[in-house]
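Asker: Protein sequences, first through last, are from chains H and W.
Residue numbering for the first sequence follows my numbering, beginning at 1 and increasing consecutively.
Residue numbering for the second sequence follows my numbering, beginning at 1 and increasing consecutively.
Each hint should be verified, as a subset may be incorrect.
What the hints assert, rightly or not - To spell it out: a stretch of chain H is covered by chain W in this simulated footprint if at least three of its residues, at any positions, have a beta carbon under 8 Å from a beta carbon of chain W; those stretches are:
hint: 1; stretch: 65-77
hint: 2; stretch: 281-290
hint: 3; stretch: 327-341
Quick caveat, the hints were computed from the structure, so don't treat them as lab data.
Every residue, glycine too, gets a C-beta built ideally from N, C-alpha and C.
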Amino acid sequence: MQKSVLFIILLSTVTFLNTKAFAVEEFSEADDMSLEDLLEIETDVKANIGSRGNSVDLLKTKVPIDVVTAEQINHTGHTELSKVLQRFIPGFNFPRAATNNGTDHIRPFTLRGMAPDQVLVLVNGKRQHSSSVLHVNGSIGRGSTGVDLNAIPLHSIERVEVLRDGAAAQYGSDAIAGIINIILKSASEGHRLTTTIGKTYVGDGDLYQTDINSGFELPMDGFVNITAEFRNRSFTNRSIADDEDPYFPGDIRNNKPFQVTGRQGDPDTQDIVVAINSELPVSESIIVYLQGNLNYRESEASGFFRRPKDDRNVRSIYPDGFLPLISPEILDYSATTGLKGETNANINWGLSHTVGGNTLDYYIKNSLNTSLGADSPTSFDAGGLEFRQHITNLDLFKTFDFGLKNPVKIATGFEWRYEMFAIHAGEESSYIQGGVPILDGPNAGAEASSGSQVFSGFEPKNELTEDRHSFATYLDLETELIDSVTANLAGRYEYFSDFGSSINGKFSLSYQVIDDVLLRSSVSTGFRAPSLQQSYFNETTTLVNLDGSLNEATTLSIDSPIAQALGATSLKPEKSEHFTAGFVYTPIKNFFFSADYFYTKIKNRITFSRNISSSEILGEDILSLIPSRFFSNSIDTETQGYDLRSHYKFDLQNYGDLKLSAGYHYNQNKVSGAVRSPDILGAEGSNIILSAKDRERLEVGQPNDSLILTSNYKIGDFESVVKLIKSGAFSDQEERPNSQWLTDIDLSYQLHENFNLAIGAHNLFDSEPERNLQDGEFARSSPYGYNGGFYYLRLTVDL
Amino acid sequence: MGILLSMSVNAVDREEHKAIYLGRLSNYVAWPTTTESNNQNEFFNICMLGVDTFKGFLQSTYAEKSIKHQPVKIHYVDSIENIPECQLLFISLSEKKIITEILAYIGNKPVLTVSEVRGFAENNGIIQFYMQAQKVRLKINNQAALNHGLKISAKLLAIAKVIE
């Protein structure tokens, strides 16, 4: 950590000294520039998030904000937004979950080592829905839901704004670790086709992606911007050979060398993704708009291999065992339509309605229902999950002159939200106990496992449709109090039909000490409403133990009689407190260095217990034979750390343009105080409610620091982007893989006015995370995955 | 280090950049001869109507510079009635609701009207700034320019989106 910090500071200092010494009269060059060159000058980046009203200059914001532009996105070579942001935002974590049921297909991301559901995602400022999947297995983010960022086509994005501060007092539930605001392209002209192909150094993970982004002009500077993308990615596999005899003892087939039977890596996916952004002025003061995105994904990932001798195998169907596959079909959609304008009294207003949803239908292949014996089908419709939300927003903004030193910007608004979560049952064979016992082997005659292997279908008893609504109102005031001191005061009241109300506030201040130095700070409270999935999701699944053995577990909804008997109570919102303080140093116009400290305390954080077996509950027998788990508001946590950023841009005159940036993030997460557990769980209760593994995931399961160094060099028709990334150490199953360094490179050449060709590599030097000592596999929570090197070719055509 | 020694710095502030554009654009516009030689005291007059979105940068940029070989004078104007004689009128976003009235007030005088108000060029304004990603783009209503007696060079038209 210390080396990374020192490196950034040293690099910033050296560059600043050079830059300061040789800075020239800023605009003298503009007089000599051709008009064409003038057009190509990139102006400063602004952000819409963090402050109501007009967009804000990034170097003047009262809270830290990062922005990733379309140009930067284009030169990463990545085709998924989560991977792109991981390459730009230190502290953004996107581990590649594997063999984790639904989590493999909608992988969660986190900010600052917190949970996936503690980040608010907006698209053009409108709340994006979460996915229907609750991450219930052993992945980062266990017990949470999250937004599927990869459901938005990359080339529909003009920029991504990442607010690194709690902002629930301004934007509502979830904005605890920060906010990601995705701004869609609004160009009214041009057609661009982009195609990327690539594969891993190993030779798997074939990628084929192509998209087209088109802009069309509407009257009065209206526009329609549409992006359509097709993405196909083959699975990767970094599993190692199974070192246990697969057949019954004495079987001569055990003499064969150990085989790789499992699959650990990326799933096989095909995505069709569409996005639209449009505005049409219908009068001088009213604009009607429509925006949205649609993603249909077919995905396929495996569970754990069932050896031939496994009691859950029917050997007449799979004499050599089987690798069951989970092949969900996922539909994710969001659309917002609205009006915005300005009244004669200079009140800016906006009225909009958003509908968004996510459905995941589980299909199981290459599997069987052991209890149906030799007649078992091998593929199943195992049911599905559905989440839908409707949001209506009314926002008002006006600048008032109260006779103070400066006018006061006042924003207020109302939000109504409806959410629905449903579980749909699968076909009967996917969950039924067929009654056929284990047919052969040492346990012949014993009761066989019910339901489709790897993922037992949702049963009619799991089916549900739960909903809730909420209402919110906010008030946001901002003004320059005295010379160079700007203050923002915000408050928000929110009422949810299932748990009641929450009131939160935020005060932030910036002080331009001198032209070069801005100090900034904020204090706020926030909250996160428990998701419907956390309250009501219920299912039975197969889990793998540390020793490789498998067992079944059931997830209880909060209102189930068993959960109630175990002491479960209705979930309350997580409550948070935030403090941020930092500075921005801009000695010259194209260089800055910023440092920000942050502290977040979360009370009543929701945890997902480990499996509780009936034997652990003294004098009770309420769990029958199946271990069970449930959610509760049981812990408080504290997160603190800091972020460093530095950026500089040089015109090297005849030698081209060079942009250098460095970003560093450090965080510490810890559980504070005692774990609260129901009395019925006894002395072991706290270890049941927050297992050692979950404590590990929460406190040290994600990298506690990350460093990203970027160089972008352009000369003539050639451009190169090189990234050096350090991901800090983390713990996984009581082991602690060391930090990992990766290098990305993207080299592009403008072949012709309309053609650009690029080659590149992610993880150029094929670095690998450390393998677990216990099982020899890669840690599934490795921040950058474990595929190793990946190379690609990208062609961009302007039509 | 050798490369670093030859470095220079480019300004990228968005509003400052637009301010620079005003001077550059003017060099590609021909005013009627009488206007160029007879206006206020041989100055090139830029009028800024409404809230100064350039944050005072017009004044500082052109304090010691010339446009079309004339020293530049900046006039900050808060209402239509107070618009003095000027060659270039920049209409701030704060005036977007009275664009039609402003343009009607200007009539066909030889004034280059510039704004970033949406729909400005389609509403008979002459040059409109708009943003595409982080770059400033131009939309020009050439017929409106001709109606004002202004001739815009083909070089400028070539880099703009032209409304006929």
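Asker: So, for every hint listed, does it hold in this structure?
Answerer: How the hints compare with the structure:
1. Chain W is given as covering the stretch 65-77 of chain H, and this holds because 3 residues of the stretch bring a CB closer than 8 Å to a CB of that chain, at least three being needed.
2. Counting residues of the stretch 281-290 of chain H whose beta-carbon sits less than 8 Å from any beta-carbon of chain W gives 3, enough to reach three: the coverage restraint holds.
3. Beta-carbon proximity to chain W at under 8 Å applies to 0 residues in the stretch 327-341 of chain H; the threshold of 3 is not reached and the given coverage is violated.
Comparing the model with each earlier hint shows a violation of hint 3 alone; every other hint is respected.
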